[in-house]
Each structure stands twice: as C-alpha cells, then as structure tokens.
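So the sequence lines, in the order shown, correspond to chains F and L. Taking the numbering used here, the leading residue of the first sequence gets 6, the next gets one more, and so forth. Taking the numbering used here, the leading residue of the second sequence gets 37, the next gets one more, and so forth.
Incorrect hints may appear among the rest.
To be verified - The calculated PhoX-like cross-link candidates involving lysine-lysine, where the alpha carbons are at most 25 Å apart (straight line), are: (1) K69/F x K193/F; (2) K217/F x K65/F; (3) K178/L x K59/F; (4) K59/F x K177/L; (5) K69/F x K264/L; (6) K318/L x K23/F; (7) K23/F x K177/L; (8) K138/F x K318/L.
These aren't lab readings, by the way, just hints derived from the structure by calculation.
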Amino acid sequence: MRSVQMEHISYTYPTGTKALHDISLEIEEGSTVALLGANGAGKSTLMDLLLGWKHSQGIKLFDKPLSSYGRKELGRCMALVPQSENYNFSFTLLDYTLFGRAPYLSEMGSPTENDVDIAYEALKEVGLASYAKRSITSLSGGEHQLLLLSRAIAQQSKVLLLDEPTSALDPANRQKVMKILEHLHEQKKTLIFTTHDANLAYELATHVAMLKQGNLLCFGTKEEVVTTEMLTTLYETKMTVCSIGEKTLIY
Amino acid sequence: MNSSIYKQEQKRNRIILLLLCFILLVLSFLFLFAGRYPKGGFTFVKNLSENSMMKNIIVNVRLPRILLAIMAGAILSAAGFTFQMLFSNPLVEPGFLGVSQGAAFGAALVIVAGSGSSIMIQLSASFFGLLALGSSYFLAKKFRFGGWLLRLVLSGIAISAIFSSGLGVIKLVAEPTKDLQDITFWMMGGLWNSNWNQIFSIIPVVVFCLLVIYSYRWKLNLLSLQEKTAYSVGLNPKRDRTILLLVATIGTTLTISITGLIGWVGLIMPHLSRKLFGSDSKAALPGSMVMGALFLLLCDTIGRTVLATEIPIGLLTSFIGATIFIIILSLRHQEGKA
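Okay, chain F solo, but in the shape it has when bound (with noise of 0.2 Å):
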C-alpha cells in the first residue's frame, strides 16, 4: 500500500522564490526515505507540504487527499520530529512525551491513565524511562534528540517525519538514534527523513530522493539511485561511492 502519493508538486514562496518545481513520487509503506539534497535544495519545503504545514494540491496520504484529513486525524497518521524545539520551560520528560498524545484526546482534554502508559513505553524505547521525573532543561544536546523521537512515538502514527534527525550529533548519540529508526522501521512504520549526508542515507534508507535546486534529480531504491554518477551531480562536487566487504562508503 503507498503511504505517501506526490503528483506534480510545485511550491512558490510569497516571495516569488520558487521552491520545489513538478516534484512526483509514491512512498510506499514500511518504507524508510532520505529526501537527500545540499541546502536550500527543498528538502525542508518538501517535508512542509507533506506535513500540511504549506499548502499544496496533489498530496494523497494512504490513498486519501491531504487536504481532506482533519487536524487531528493528521496528526493520528504522521508525525513530526523537528530538528529543534523550545525549552523555554521545565516540562518533565513524561510531560513532554505526552505532547504526543494530543491528537487521541477531545478538543479541551488532557491526557488519561493509558496516555501516560503509552508515553512511558515510548520512553523506555528511546532508552530515558529512568529520567521521566527530569527537567527537560537538563537534557544534554544527544537526549534532546531522544526525547523529540519519544513524543513523536507516542504519537503511534503510521508515518514519521524526520527533520535532519542525526545533524547534531556526536556518534554515540548517532548511533542510539539509528537503532530507533531501525527499530520504527521493522515496526513497518514509514520514516521519511531529510538529509545532507549520503552516508546517513545509504545506512538508513530503503529508498532515496535526491533534490536539487527545487528539482526531483531521481528517485528509488538506495542501491538504484546512490551512486558516484549521481551524487556528483547532486553536489556539484566529486563524489565517490565505495564498498568495503558488506559496508559502503561515500566520501
């Protein structure tokens, strides 16, 4: 079944800049997908739109128009881990988690006995259960991370949306990040992320969408579309994809 649907996607800004020009591609689902491009490539708008956050004909979501979802319904289907978030106030972790939960709870509801389960499991999953009683003000820049993918799992929607999700990392923390996804992944949930670094997209990705200047340069699968040829072409730079016994390199 295909999980996300783009049929000719354009997107403007107000400004007159053109963003993504006649962009189409089907995601199937359980699958995991690098939008993988420089910056200022589209990758970012790209996830908007499927997001809902910008607005544009042409999105189906599991067969069924984007734009005829209700917020909460869309929220039930996709969620979002952003690169970032505002730690303005001290929230517990458990607090933050059940953030996720918002789009199960009536319009002026606040979350129930099995809400606060399911934010403890999502969590124990991100490996920070034992910290739920912490400030997220204490959080270091690694457990940040966790805890945006813990409210986004507590969201138990079918599709991810995953900005830059390792780019700030060290590689410890890299790593515990790509256990979970390969975790969410055989959960058969759809991971789309977006990328700059082709290394992280060839380890996670089942599929990958290269964008350059607004533009879809190819689609398919990680081992179709990744390669020396393509990646120059991409970064308008030297690119050289290498296999190393059963692991690939790019550099």
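Using the hints provided, position chain L relative to the given structure of chain F.
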C-alpha cells in the same frame, strides 16, 4: 505502576489547589471584618443585623472590593500565564504587547476629556488596550524580518512607546489639581472605588475569559512549543493563539479599567505557581489563578488597613512582586539554571 506515580502527583496538585482555595475563602471571610471602621484592624460583629452601618460597609463596600480583588488577581495572573505560554517566554505579561500602556492612555484620555465616568473609563481603556494589541499584531505581520515572536516583541515595544508618549502629552496638558491627580492615582492602581455596579458591569465577561483560559489549561503546554510542532500534534495553533490572546487581553483591559494599572501579578504568580505545581499548565494555570487572587486580596487588605491613609495597590504589588522576582532569579542562579 508508571501511571500510578503520575496519578499521585495529580492528586498532590489537586490537594494543594483545594487547600489554596480554602485559604482564599477563609481569608476573604476574615477580611470582611478588616478595615478602619469602627476602629483600625479586625472588628468582629456578633449581630450584624443590629448594626446597619457596619452591615452596609461589609455588604456594599468590603464585599465588592474583596470580590474585585479576587477576580482581578485571577484574571491578571491567568492572562500573564497565557501570554508566557503563547510567547514561550516566562518573562512576558499583557503589558508586553502594549496592552497596559494602551489601556492607560485610554483611561487618561477620558479623564482629561472631562467625561470621567467609570463606564467611559472602562470603555476607553478596553478599546485602547485592544487597539494596542491589534496594532502590535498588525505591525508584526507587516515586518519583513526575523521570526514571528521577535516581530511581535519589537512591534509591542514600538506600540508601547507610542502610547507612553501619548500618555505623557495628556499628563502635560491635564489640569494639575484634578485630572492629573486622577490619572496618577489610576496609574498607581487601587480598588477603593469598587462597588456592585462596577462588579456587575465586568463580571460576565471576565468570568467568561477566565473559563475560556481555564478550558485551555493542558493545551497551553502545546502552544508553548514551536508552531509547527503544535500543528503536527493536531492543533490549530493560529486559531487557538488568537482566541487566547483576545480573551486574555479583554479580561485584562476590562479589569484594569476599574482597578487602574496593577503590575507584576501577571509576571510573578505564574512563576510561583510553576514552582509549586510544576511546569505542566494543567495544574500550574489554575494554581496561578488562585495564587493571583490570594496575592491581590492580601495586598489590597494590607493597603487599606496598615496605614491611616490607603496605599495604592499597584505600588504594593510592584514592591512585593519585584522583591519576589529578585529572590526567584537569585535562586535560579544558585541552581545554575539559565
């Protein structure tokens, strides 16, 4: 097991909140007998029906005043709490978007124009308070740089400055023996003019504003996040923020149109409430409302009983509020928090 810990905390918060409500009720009752008649301090009257003067003072002077103090404290701290969450900034209050300065300008304008009836002051203060909010919002939309929050902050500063200078001009031309005094007293805040007519004129709207803010008590958490994140968990942040900004501003301007400017309540009470109840606004918002009501009730009672002459409540809230603020900041510094 996990949810039981959460439940215990919720129970603890409910008990503290009920305790605060109980203290508020007891103090409200006791303060009915505090004042300067028949003598300074507390005077308990055994049989009120036999003392018509005392009955009149309690029913028509002290009771509306106490109710106004409670209502004003609750709405000012609720509005402050709301602004802090909406702007994701714990140092914000309704004055932030020029609301207080706009209301002060509106009140002063009516006082100088000579039609200083309380209803005209209320209307004018409310109108200019809302105008200030609308102008700040409109300007922020027109600015073409920075994020939404930064644009709002800058437009709020500009609008506040414009209304402040307008207020300065009004004070300059005000008749010094009457109008200037009225404006000065209004700006220092006070509940000495409170009566049932004033209470009834604002109570439906203020209670409505309080109820709307209260109904958003958990959602306010989500509205403190980035707008895109709030959107991704199923909210309509633009609509919710507009509703909350409007009710918080209307509640504030209507209240200060009667009480005059009362600062620091909306800034300090949310801070204290978060210290007591935690940052989750589901508990901290109602806590802030009750603590604000208690704070203003205490300040007003001190103001009308301690000295032979009344101390304007705005001066007391500023003095006590600033002192608490310094203590909070010192403690936070010691804890090593930003």
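Hints versus structure:
For the given pair, K69/F sits about 20 Å from K193/F by alpha-carbon distance, which is consistent with the 25 Å threshold. A hinted pair counts as satisfied when its Cα atoms are at most 25 Å apart, and K217/F with K65/F qualifies at roughly 23 Å. The straight-line distance between the Cα atoms of K178/L and K59/F is roughly 20 Å, inside the 25 Å bound, and the hint therefore holds. At roughly 18 Å between alpha-carbon atoms, K59/F and K177/L fall within 25 Å of each other, so this suggested pair holds.
For a cut-off of 25 Å, the pair hint linking K69/F to K264/L stands: about 22 Å separates their Cα positions. Simply put, K318/L and K23/F have alpha-carbon atoms about 43 Å apart, too far for the 25 Å limit, and the pair is violated. Between the alpha carbons of K23/F and K177/L the distance comes to roughly 22 Å, so the proposed pair stays at or under 25 Å and holds. Distance check on the hinted pair: K138/F and K318/L sit about 16 Å apart at the alpha-carbon level, within 25 Å; holds.
Hint compliance for this structure: hint 6 alone is broken.
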